[in-house]
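The residues making up each chain are set out below.
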Amino acid sequence: MPTVSMTVNGKSVSADVEPRTLLVQYLREHLGLTGTHVGCDTSQCGACVVHMNGESLKSCTILAAQAEGADVTTIEGLADGDTLHPMQEAFRENHGLQCGFCTPGMVMSALDLVQKNPNPTEKDVREWLEGNLCRCTGYHNIVKSILAGAEALRG
Amino acid sequence: MTGTGIGASLKRVEDHRFLTGNGHYTDDINRPGQSHAWILRSPHAHARIKGIDTSKAAAADGVIAILTGADMAADGVGGLPCGWQIHNKDGSPMAEPAHPPLAVEKVRHVGDQVAIVIAETRDAARDASELIAVDYEVLDAAVDMDTALSGKTLVHDDVPNNRCFDWEIGDKAAVDDAFAKADRVVSIDLSNNRLIPNAMEPRAAVSEYDRTTGQYTLYTTTQNPHVIRLLMGAFVLQIPEHKLRIVAQDVGGGFGSKIFHYAEEAILTWAAAKVNRPIKWTAERTESFMTDAHGRDHVTHADLALDADGKFLGLRVSTKANLGAYLSTFGSSVPTYLYATLLAGVYTTPAIYAEVQTVFTNTVPVDAYRGAGRPECTYLLERLVTKAAREMGIDPVELRQKNMIQPDMYPYQTPVALQYDCGNPPATFESALKASDYAGFEARRAAAEKNGKLRGIGISTYVEACGIAPSAVAGALGARAGLYESAQVRVHPTGSVTVYTGTHSHGQGHETTFAQLVSESFGIPAENVEISHGDTDQVQFGMGTYGSRSLAVGGPAILKACNKIIDKAKKIAAHIMEADVADIEFKDGKFTVAGTDKEMAFGEISLAAYVPHNYPIEEIEPGLDENAFYDPLNFSFPGGAHICEVEVDPETGDIEVVNFTAVDDVGRVVNPMIVEGQVHGGLAQGVGQAILEGCVYDGDGQLLTGSYMDYTMPRADDLPSFSVATQGVMGASNPLEVKGVGEVGAIGSPPAVINAILDALAPLGVEDISMPATPNRVWQAIQASSVRQAAE
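Protein chains in written order, with this note's numbering: chain A, 18 to 172; chain B, -9 to 782.
Bound-form chain B, shown alone (with noise of 0.2 Å):
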């Protein structure tokens, strides 16, 4: 046994060199000639460009070239694509309006790349950038999502009322029925709020032209560095796979903003060419904030249909969600197939239907952020079941019981498509109780109460649907890339490993997750295993990573190609060792014949595979090096349930919350350190939507929280240390049974705050208040309580 298999808490091989500074994030890099830019921004959220003036600019000092849209026209670049299409109600497409990577005759929202400003420095290039006279005709600006849906102002001329389609799904009958049949209908209204992503690592790009071989490079900061090659290459500047590599090295967080295809890489890939120089580009925050896509952004009225015992009967939701100025890579499936088909939540409520509209608006595009559709799903269902039980006078407890998927209930069809493999949400759902000491809560109320402090409690359970799969069905429902992964697992001749995978690690640590896979199969230690992602050059191809798919769906390709190994070796074995193929026993990292004493070493095999002297060369070839391309079954489906507690101070709105409690479940668990990491990461964000984040446009479309000074990122006294707890249920759809794990945590987690502060505040009447619950927003709730006014 070598200790470092499944199940072994590996400290991280990455992080001897993030620890001293010698991590390679983007910006890091440095090529010989590099030039460097200025991407000059729309300071209007919505206007004409009637001319752009760049003579003084060009004159300044070390100013090699300034680019425009028009230039990119001429040299007919593409829009950016959208990677997913959905269909309306009538089934006719959604509105695809064009997207060109530098602004052609509009700039549609603050922050839309107006000129490239190429210099021989950085400021040099900004500098520039101010000398640069853009004659703008400001239009009206459609900001929010009724003014947007009033058509007054159009965002693109060619999509009426600014809507870019109307889905639904579900059975609208089944619904009606069930309504007419219900003794109670519990309604509500809620929004959830836009979030701006944050990954501390701004966006950045190096952008390289080769003009002996025509062959382009581009470091930049993604999460899927081949989704990238496809989408630019082929849609937006024609250059073919082979003449195009794309490279992230170390990426400093991703939480999918930096999934997407943007702009700057197009912009800086195809400036390398016109100017032959490398030329580097870094985002400073404040243009993260104006041009990383942002998240969220659903307004929501939904009814549940129960019967008088509290059993569900029906669910009807509406949603408007929010895309921003263009249709981002992903915007298009996040409020639709990642957020109606989870509608079910962990519950048996047998008829659904949800209706989506979705707006384009002069604001930043909208996109997967952490959770992605999911959260939204989740927010909605908790806060509306912890309304029907305090409406109904049902604990909230026993009603989230009462109407519980059993666990001998799966595989679980849901009314909105998906099928849950397996899962057991009433032991989560217990387990998470025990935890939190869900039945002491009441003295501990009463103890803050001693205190002047209003405590509350409040349940969020989830389940979520992860590693989208299989192909042929995303690809049915409107994906326009399959969604499997690819690993390349070459055993070197001593027996050492390297494994190509086509996801990408952007602080997961799958360079030690993934040698742990390894480790187990081959019989050897992690260390003896090197895990390469991130060059397009190296690695065959891959769909990267998001959506919580890197383990679920790359897991089992490394497995699948460490098999193929295993097969391959046993057939030397089996000839070195004189045996039938079907005698040799691999275990331990040791090849035997059974019913004997004969043994050889991976290491040996290994040897032979490549000095292969006395070889079945005519039965296989010399070599020990495996490719494998895997596609899922189905999704993976963990689920859990949160339980949070939080102090409101009744005079000042203060919130602190004292205790966070999660249980999840994400199938077999390959290092509990690093999956306990994720759900942290995860919960902290989610507590930063509930409490603190929010981003904010004023009526003309100008970005109010565009700084850190604005933005209210969680920080470490925002937050309590959390109690963490993993119960898996095994029999995935995939051979390893792992479920995600990346965003659980941001998925469960807001709903259980706020149901928490509500739960604090309802002895003063207080029944709503919105994300983010900002002290501000509890004191005013409290001002405007009715038992308080009753009171005076």
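The following block holds chain A by itself, in its conformation from the complex (with noise of 0.2 Å):
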């Protein structure tokens, strides 16, 4: 089995793995991180979003060897101890999750938005998260949490 490295949520990683292994699998199975979700077979649902290299990617496309040296994060890497990361706080703060299943996934992908797009819109949030389902809270409170949270960051 290849021994596959990398560097998740700022530490150096490193484990043994099956070639046919998913990258969300390093994460969850072999690291241990089970807040990255599986919630599809198909790379729609978007619960296993992480980023890797400052971009937010579905871990479920990607084989663990694909990532070899990469930097990844995590939802698990975003707080500051109890200190909630402020895209974290807006979802809290605006009821932007239920049952919190896809909910890493959100903060994950809605981070990279506010990244590219600072400022953004109602209409950029809802179709940026084309590829993120949710089947709680009719994303109404996430668009607004992401809304808040983009404004937070802004500063």
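The hints are simulated quantities; they were obtained by calculation from the structure and are not laboratory data. Do not take every clue at face value.
Stated by the list, open to error - Incomplete in silico selection of chain B near chain A, CB under 7 Å:
1. Glu191
2. His670
3. Arg705
4. Phe712
All of these numbers come straight from a predicted model, not from anything done at the bench. Beta carbons: idealized from backbone N, C-alpha and C, even for Gly.
Make the complex out of the two chains shown on their own, each in a separate frame, by following the hints.
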């Protein structure tokens, strides 16, 4: 089994994995980072979105081996101790989550939107979320959360 | 005042762990020595199993065991039970064919369980499953209800014509009289499209067996752990309660689909003892599509009798409901007591009769999905009433108002069993009309027309019965379980509190809302209260969460236990402060002696209860820990009005939902933020049903909408921001005066959307459209419309 090494949430990690192991399996099963979720098998739902080398990515769409040497950030890497990241805080403040299953992917996806477009409109947010499914919130409060998070990050 | 009691939009306690990736969903759980399972499923809708050869697969790398239906039968494992018995018109009981967890002799839908492969890794189990050779004799499939009812092919050999039951409710003779007197009869034929629930977390289970104690543990994605323990333990595996623990920690959405006792739960629990290893199974999304119980799937004809002024005189309904291949846990109750008992809606229709035939088909079992029967009922009524308005040339607002139950008519006895306890349909309707600027609509229609768009507005009103109760009535109607709820309130020595509730939260925020109830009751901050649910070894008993019951049924159980605590605490306070117990008052967390300045804080009394040095020990026991079971007097009856505006592009059939207004009466609101969130989610599922979602099988019973590539889930850019308000009428039959809120959005919204689309298309002569009203269907309807054809 090949050894795959990368940096995850600022720490160097390494594991021997079967070649067919997806990045999301590597994170969940080998590193125990279960905040990244698997909600589908067709790369549609976005529950597994992480950042790789600064860009959002569905971690079910690539093999762990393809992330060799990469710098990966998961939902576990956002908060500063007990202090939530401003985007996480915006979700909490605006009831942007219910069951919480899609939430890690939503937050990671939202952060990439805001880094590319710091001042998005409601329409921008709704279009950006095309690759993230939520069954609980009707998106109303997710959109509100992301707009508030963007505002907080603009300072 | 704590500021964290009833009415506060407290931020949710559960959010921190979810936002930081620290939730504990079932697939996040791993047990020492764990093995992994893959379920081999039927690729055919209907086939006889002539043989299963597992020899090659058993020899594959990493395989621990392969077990089939024959192995289960040899161990005397029972079938999956149905929790509600319905009777036919002639009084005979419904057909209840066997439902083996692993198929025996026949498979009856694509996805039916054939074998379990247990291996060291999931990939090894899956690889080995592909080496199993099943010799199938493929049979004709009964996919649609009419084919099934013809009886040409039988899903279950012992169920003639595939009819599970033929049920009726209401006074047929009175309805016939009403139609004989009617000036006008308006008829409608419609179907309620089959939906696939799609909670974002796929079902999963981890099972474990301790050979030294005989103790089984099952971690599973369920909405009601104790119900699973009861059904699986007593009916399927014959494991007594004290040897069976069910744990459902964080569950990622349910919407009904995680109520039911699923085959995989029984298979994994049984197999854990066979292999003496913990076993983990997690569904792939494709398996969720093929095995999670589906929702809706009705075909209905209805006639409404009216007098010349538009007053409703009688309603006659005939429905065929698809049950799928097997009776799911509550599949029989959904198209009957959760459907036809609501046919009065918010109207004074004096005579109602409904008959419902349910049909087995070679499709996934159908059961409760958000709303469960009530959306089907509301869709029928509100389409029919709108059609009546159009046919009679009466304004749809006026026709509704003319027939509405007035506030002074409550309690209101309907002709279909239910007695609504309280409500004010005209008030919520009026508020919705105002909030949506209904009066200003024609100007918006004209503005849209200038942009080449057809704009329409649609109305829906509804009443919902939720928090099914009381147990005695439910039992008389066929329920095989009680429908009470339980709570244990444990006050710790320093005054913090743990509440054990038999309900289950899978997104609803009980850890916050229920803490607010305790905060209000004890006058302590909500942060001093912990809510525990989901573990049958911790929680005394419970019926779980479904049918919008948690606050309406589980809430009063908590309140009742809190009141027992207060009664006991008063006795302790009276003893310590040397007063008569009748003079002890409790307010804002303080016990005082009337007419004096003596007072003791809640925490001081708690400590005294556990350090009983100065204590009325001959009268009461030490400790401050109380249990309560609450069985409601009646259902709770939320209601309201939904108004939708759409714009249709006549060239493409594309639909945009531009405005959606909901005014809902959900009684007293404990946490307004959470309540609004519940409504938003329900609305999205309702709009999804109306314009996006639909399960499609081909003629052979293959599921064509088996992934997110094929089944259209609502996405953020399909929906508008919603305008949501609550307008509570107090007086609900529970001490909190709360009503359910989880399902209202999904109940009221589909007819509002479809009525809006039909309003938009009315100038073209389009009179009917089926859900989901996709751009293709809308475009086809426009092409086929009479006005367009006349113009050409």
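Legend entry - Unmet hints by their number, sorted upward, for this structure: none
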